[in-house]
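Undergrad: Using the sequences and the hints, build the whole thing.
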Amino acid sequence: MNATQRQKVRVAVVDFGAGNVSSVVNALRRVHYWVDVISRPDEIDADQILVLPGVGSFGGFISGLEQRGLAAPLLLAFERDQPLLGICVGMQAFLTRSAENPLASGLSLVEGRVLHLRDIGVTTLRTPHVGWNSVLVSARAPQSSPLRVLNERDVYFMHSFAVPDTAADSIATTSYEVKFSSAIQVGNWLGVQFHPEKSHYAGLEFLEAWIASQS
Amino acid sequence: MQVRRFNEWIIDEMIYLDITSRQPTLLDRQDTAFSSLGDKEALIRKIGEECMVPLTWGGQLRTFSDAASVIALGADKVIFTSALVQNPDAIARTAARFGSQAVCVGVDFRREGRSSSLFINGGSELVAGSLLSEVQRAIDLGAGEVLIHAIDRDGVGCGYDLDSLAEVRDRVEVPITILGGARTAQHLVEGAISGASALAAANMWHFYENVDLDVRQALIGAGIAVRRP
Numbered sequence: 001m002n003a004t005q006r007q008k009v010r011v012a013v014v015d016f017g018a019g020n021v022s023s024v025v026n027a028l029r030r031v032h033y034w035v036d037v038i039s040r041p042d043e044i045d046a047d048q049i050l051v052l053p054g055v056g057s058f059g060g061f062i063s064g065l066e067q068r069g070l071a072a073p074l075l076l077a078f079e080r081d082q083p084l085l086g087i088c089v090g091m092q093a094f095l096t097r098s099a100e101n102p103l104a105s106g107l108s109l110v111e112g113r114v115l116h117l118r119d120i121g122v123t124t125l126r127t128p129h130v131g132w133n134s135v136l137v138s139a140r141a142p143q144s145s146p147l148r149v150l151n152e153r154d155v156y157f158m159h160s161f162a163v164p165d166t167a168a169d170s171i172a173t174t175s176y177e178v179k180f181s182s183a184i185q186v187g188n189w190l191g192v193q194f195h196p197e198k199s200h201y202a203g204l205e206f207l208e209a210w211i212a213s214q215s
Numbered sequence: 001m002q003v004r005r006f007n008e009w010i011i012d013e014m015i016y017l018d019i020t021s022r023q024p025t026l027l028d029r030q031d032t033a034f035s036s037l038g039d040k041e042a043l044i045r046k047i048g049e050e051c052m053v054p055l056t057w058g059g060q061l062r063t064f065s066d067a068a069s070v071i072a073l074g075a076d077k078v079i080f081t082s083a084l085v086q087n088p089d090a091i092a093r094t095a096a097r098f099g100s101q102a103v104c105v106g107v108d109f110r111r112e113g114r115s116s117s118l119f120i121n122g123g124s125e126l127v128a129g130s131l132l133s134e135v136q137r138a139i140d141l142g143a144g145e146v147l148i149h150a151i152d153r154d155g156v157g158c159g160y161d162l163d164s165l166a167e168v169r170d171r172v173e174v175p176i177t178i179l180g181g182a183r184t185a186q187h188l189v190e191g192a193i194s195g196a197s198a199l200a201a202a203n204m205w206h207f208y209e210n211v212d213l214d215v216r217q218a219l220i221g222a223g224i225a226v227r228r229p
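Protein sequences appear in the order of chains A and B.
The numbering used here numbers the first residue of the first sequence as 1 and each following residue consecutively.
The numbering used here numbers the first residue of the second sequence as 1 and each following residue consecutively.
Since the hints were made in silico from the structure, they are not lab data.
Covered stretches of chain B, as calculated for chain A (at least 3 residues, CB under 8 Å):
| no. | stretch |
| --- | --- |
| 1 | 52 to 63 |
| 2 | 68 to 76 |
| 3 | 99 to 110 |
| 4 | 163 to 177 |
| 5 | 223 to 229 |
Source: prediction; values computed, not measured.
Note that beta-carbon positions come from the ideal geometry of N, C-alpha and C, so glycine has one too.
TA: Written as structure tokens, this is what we have:
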């Protein structure tokens, strides 16, 4: 797809109803023309590339998705290889369980459990992990992964819980006293623990690279 | 407008504190440069749209609903100050809904000898408690960050109150931001070396040139890791 064709790609940001998607929408609009916000199952089309931003708690996020009837259509989107970028709790939701809300069930696309940073081994540094940090792309990440534009640049993290770096589908890690997974790739879904929409130019370039890689 | 200028600088976060007292927020200040904006909601939304780094909004946040509105308008985090005393439940509810990482609590204080006097409502009302006890109470309510603000140093340019930082630094687990008194890059270096998680300043950023470059150079020179843009 050339740049002109890429302009017509429809990016759809899923609003799960309990947080601020405007930062994500604003950042996407800086790098791409066509950005919609959707909140109903009937608004998910096979030709969109989806962004799933998550803030707040794992349980609150899953509950928001379920209340809006979005969980099932998102899983269908996964089955047909529809691209999706999950951000922060949006990435954590790829897993089955989170220690944050033990009774909630994630989308179960990735084996593993989201843990509190203290239980991953952060004992001397402060939590939540709030601030700028770097992303080390693993060897098993695709060569064309948009994460590679973040080489030697920092992005913004804002979380207390994280996916351990032992997760099967982890393709990037970040060190905060210990390593945790800062990105996972499963099928055509990429999850990132950091917030590209809060990460200044590095974040914008990542979003642009992600859109380009999916089109 | 200010936020566009700061987008072009290599700063890490922005904090907007509405310190208007007892009247509606003045929207036609020169530095807002948006006298055509109808209301405060429009202002927050506009700043949220423009700001390319994390945006923390506070001042006048008295209830959970105030905080939720501000987040819906585009703020990434909120900062509660007087609410710690006047409506602590707002802090707990906001943290429960949006996560501790979205909630910062600010404590205004004035150091007196070896202890501090704490204030709310723009420094007009003295409240009980020590800096440490109030910071701990904020964390127990769910704050993921605290900001300790030496109001006696605002605008003075004498450097941060590092003694007060030392009182709380090793006793709390959350990131601590310090504010009040910074005027030179060296002040920020001292704040970083003294263990502050984040260094906030106001006047320094508004009224001097090339501050971001000087600050980065000084921090890097002192061996402190700074963001690589």
